[in-house]
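Engineer: Now for the letters of each chain:
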Amino acid sequence: MKVDLFITCLNDALFAQTGRATVQLLRRLGQEVRFNASQTCCGQMHFNTGYQSDALVLIRKFVEDFKDSEVIVAPSGSCVAMIRDLYPRAAEWAGDHALHEATLKLAEKTFELSEFIVNVLKIEDVGAYYPHKVTYHPTCHAVRVLRVGEAPLKLLRNVKGLELLELPQKDQCCGFGGTFAVKNAETSTAMLSDKASSIMQTRAEICTAGDNSCLLHIGGGLSRMQSGTRTVHYAEILASVEKQVRP
Amino acid sequence: MSDGGIHPAKTFVDAAHDTLSNTQMRRNLRHVTSAIRDKRTRAVSEVDNWEDLREVASQTKQHVLENLETYLLQLEESVTRAGGQVHWATDAREAREIVAKIALKHGAKEVIKIKSITTDEIELNGFLQGRGVAAIETDLAELIVQLSHDRPSHILVPAIHKNRSEVRDLFNATLGAKLESDEPAQIAGAARTYLREKFFSVKMAVSGANFAIAETGTVCIVESEGNGRMCLTLPDVLVSIMGIEKVLPRWEDLAVFLEMLPRSSTAERMNPYNSMWTGVTENDGPKEFHLVLLDNGRTQVLRDEVGSQALKCIRCSACLNVCPVYERAGGHAYGSVYPGPIGAILTPQLLEMKDDKANTLPYASSLCGACYDACPVKINIPEVLIYLRGKVTKKKGTTLESLALKSMLWVMQEPHRFEGALKLGRLGQGPFTQNGKFTVLPGLLSGWTHSRDLPELPKQSFREWWKEQGQ
Chain A
1 MKVDLFITCL NDALFAQTGR ATVQLLRRLG QEVRFNASQT CCGQMHFNTG YQSDALVLIR
61 KFVEDFKDSE VIVAPSGSCV AMIRDLYPRA AEWAGDHALH EATLKLAEKT FELSEFIVNV
121 LKIEDVGAYY PHKVTYHPTC HAVRVLRVGE APLKLLRNVK GLELLELPQK DQCCGFGGTF
181 AVKNAETSTA MLSDKASSIM QTRAEICTAG DNSCLLHIGG GLSRMQSGTR TVHYAEILAS
241 VEKQVRP
Chain B
248 MSDGGIHPAK TFVDAAHDTL SNTQMRRNLR HVTSAIRDKR TRAVSEVDNW EDLREVASQT
308 KQHVLENLET YLLQLEESVT RAGGQVHWAT DAREAREIVA KIALKHGAKE VIKIKSITTD
368 EIELNGFLQG RGVAAIETDL AELIVQLSHD RPSHILVPAI HKNRSEVRDL FNATLGAKLE
428 SDEPAQIAGA ARTYLREKFF SVKMAVSGAN FAIAETGTVC IVESEGNGRM CLTLPDVLVS
488 IMGIEKVLPR WEDLAVFLEM LPRSSTAERM NPYNSMWTGV TENDGPKEFH LVLLDNGRTQ
548 VLRDEVGSQA LKCIRCSACL NVCPVYERAG GHAYGSVYPG PIGAILTPQL LEMKDDKANT
608 LPYASSLCGA CYDACPVKIN IPEVLIYLRG KVTKKKGTTL ESLALKSMLW VMQEPHRFEG
668 ALKLGRLGQG PFTQNGKFTV LPGLLSGWTH SRDLPELPKQ SFREWWKEQG Q
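Those protein sequences? They're chains A and B, same order as listed. Every letter in the first sequence is one number past the one before it in the numbering used here, and letter 62, counting from 1, is 62. Every letter in the second sequence is one number past the one before it in the numbering used here, and letter 431, counting from 1, is 678.
Cross-link-like lysine-lysine pairs, in silico, DSBU-like; alpha carbons within 35 angstroms at most:
#	chain 1	residue 1	chain 2	residue 2
1	A	K61	B	K714
2	A	K67	A	K109
3	B	K643	B	K670
4	A	K122	B	K714
Quick caveat, the hints were computed from the structure, so don't treat them as lab data. What you are looking at is a predicted structure, and each value in this text was computed from that prediction instead of being measured.
Turn these sequences into a full structure, and let the hints guide you.
Structural biologist: And the structure:
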């Protein structure tokens with residue numbers, strides 16, 4: 001399958017290693033990975049903060065950039081949720097019928113990484129090796145908007161050497177919420193501190209998730225607390241193999 | 248007094264600060280919301296067709312909103328036919344005047360109240376007091392809030408933020424009770440002694456309404472303590488105030504809501520008391536029944552296709568109990584009788600998006616979506632929050648934030664600008680980072696480094712790596 005990678009602006013800028021891992025992983029699973037360098041950002045930050053006409057500029061750009069794609073895959077639940085759930089809504093609110101049609105088509109072929117591997121490729125064991133104690137935080141948009149369900153867990157459970165530790169209160173939001181983390185910093189911090197203490201209770205070396213935005217927040221908190229627990233996107237875990245073979 | 252109204256005195260950030268720094272209140276909130284949350288999950292999982300019921304409830308409420316005028320006129324006719332009197336109030340002031348006029352006509356010095364969130368919306372208690380009429384709350388939690396001159400902080404559990412020993416001290420100080428223990432039975436006993444005397448002597452009652460049936464003119468209240476039933480049956484005069492969105496078309500429609508409301512709110516299979524009354528009946532119950540239909544901004548909200556979803560709300564408070572923001576910031580942070588996620592979309596809209604403090608409420612959410620999942624009438628609260636944020640930014644015009652997002656938009660419109668910005672960022676970040684991370688950031692971003700580190704930009708972006716691979 002020809003897989004167009006939507007790397008997302010945050011991964012592109014700050015978490016290139018997640019992007020590299022996603023490419024390695026998809027290639028190992030026999031996919032032809034393409035990267036359209038014209039892509040930038042899905043517009044979620046603008047849309048969710050209330051700058052909907054600004055977001056429309058980026059939405060139109062995204063639709064144009066990916067109009068010929070067969071399948072679009074992104075290692076981010078919230079960006080995929082933006083595309084699948086909010087793009088059609090944005091077009092509706094703007095009263096743009098043509099865009100609405102286009103976003104509905106786009107929504108059908110856009111997948112979050114784990115749901116693409118498990119639900120589309122029908123693969124649950126990606127042949128990874130990762131000898132660490134790991135706990136998994138299900139991110140809100142992946143769980144409640146995309147309903148990815150067990151997909152990331154199925155993949156993680158099949159990683160050799162990995163000890164998966166149950167995260168208490170896992171369904172609770174970490175408190176990131178995009179600009180919420182800055183605009184309501186104090187409430188966001190209270191949510192983060194509960195999430196961080198749940199993570200520390202597991203005694204995991206690593207907290208993983210499918211979204212680097214949430215991990216940026218959680219990892220930023222864990223780092224400030226000098227907890228000794230790191231955050232790693234699950235794409236990097238799934239890309240790891242016993243004898244590392246570079247693509 | 249418990250009549251808080253819907254005008255927040257502070258922005259959400261400022262009001263949340265008060266609770267966030269009160270560790271006792273945070274503990275109380277966490278304890279109660281997590282207990283209700285777990286119970287609710289069990290109560291809902293008992294119903295096999297919960298999702299189907301949600302759909303029916305949602306569609307019924309949507310149908311009502313789309314045909315509101317028809318059903319309200321039908322309700323007026325049915326209530327009048329059954330011997331009741333219907334009053335239309337366009338705003339809070341009119342509604343207060345109507346109630347006060349009825350009280351004064353009957354020479355009432357005291358009125359007893361039940362299920363009074365709508366009366367709190369119109370700030371009735373203080374108004375009546377100004378006219379020489381004392382309003383006495385009879386719901387135990389509402390009474391606690393009233394006696395402590397506090398404001399409710401939860402729709403369902405107005406005194407959620409108080410623990411038992413605080414209540415014992417309060418009753419000893421205000422009701423002349425001499426409670427040594429804070430056992431629930433003792434506390435309830437003190438309230439009962441006080442309230443019984445009121446039930447048998449006060450001649451007028453004021454209530455809210457959970458539902459009203461257009462075809463029969465029946466008004467319905469659900470409650471747990473039975474104090475409501477005393478208010479609804481013992482006094483000579485009963486005045487019920489309801490928001491116009493509370494009407495249901497048919498008697499049958501009630502069935503689905505009586506299933507969903509208790510399970511969503513108190514996690515009970517059925518409410519201990521479901522009271523329904525239709526007009527007046529000779530030699531039984533109140534001799535006079537008045538129904539006040541309150542608009543107070545609702546018709547305005549109804550005109551908005553996206554925002555009007557908020558009017559489907561049946562006040563179950565499920566969204567409050569699952570909301571991580573409510574759990575930390577508490578009900579008072581929302582500055583309105585409608586707290587939590589539903590309050591965050593209802594309050595600013597009732598104030599026609601004109602109140603700057605209420606307009607901070609749509610931002611009081613991480614958009615985690617737990618509220619939408621829990622809502623028994625499927626109000627897409629995250630969607631409405633985002634939509635209202637759009638209205639707020641438009642109203643505010645140019646701000647530091649809008650400029651920052653505009654420049655980000657400019658960068659993101661062209662990939663080469665994005666690449667250039669990353670290169671510039673890498674060059675400029677040096678003096679501000681330590682061990683590969685930012686610990687202090689200026690301006691708008693200082694909220695981030697308040698509690699979190701931020702990694703510095705790595706040496707190579709993904710797109711640079713891709714290019715380097717010659718792909």
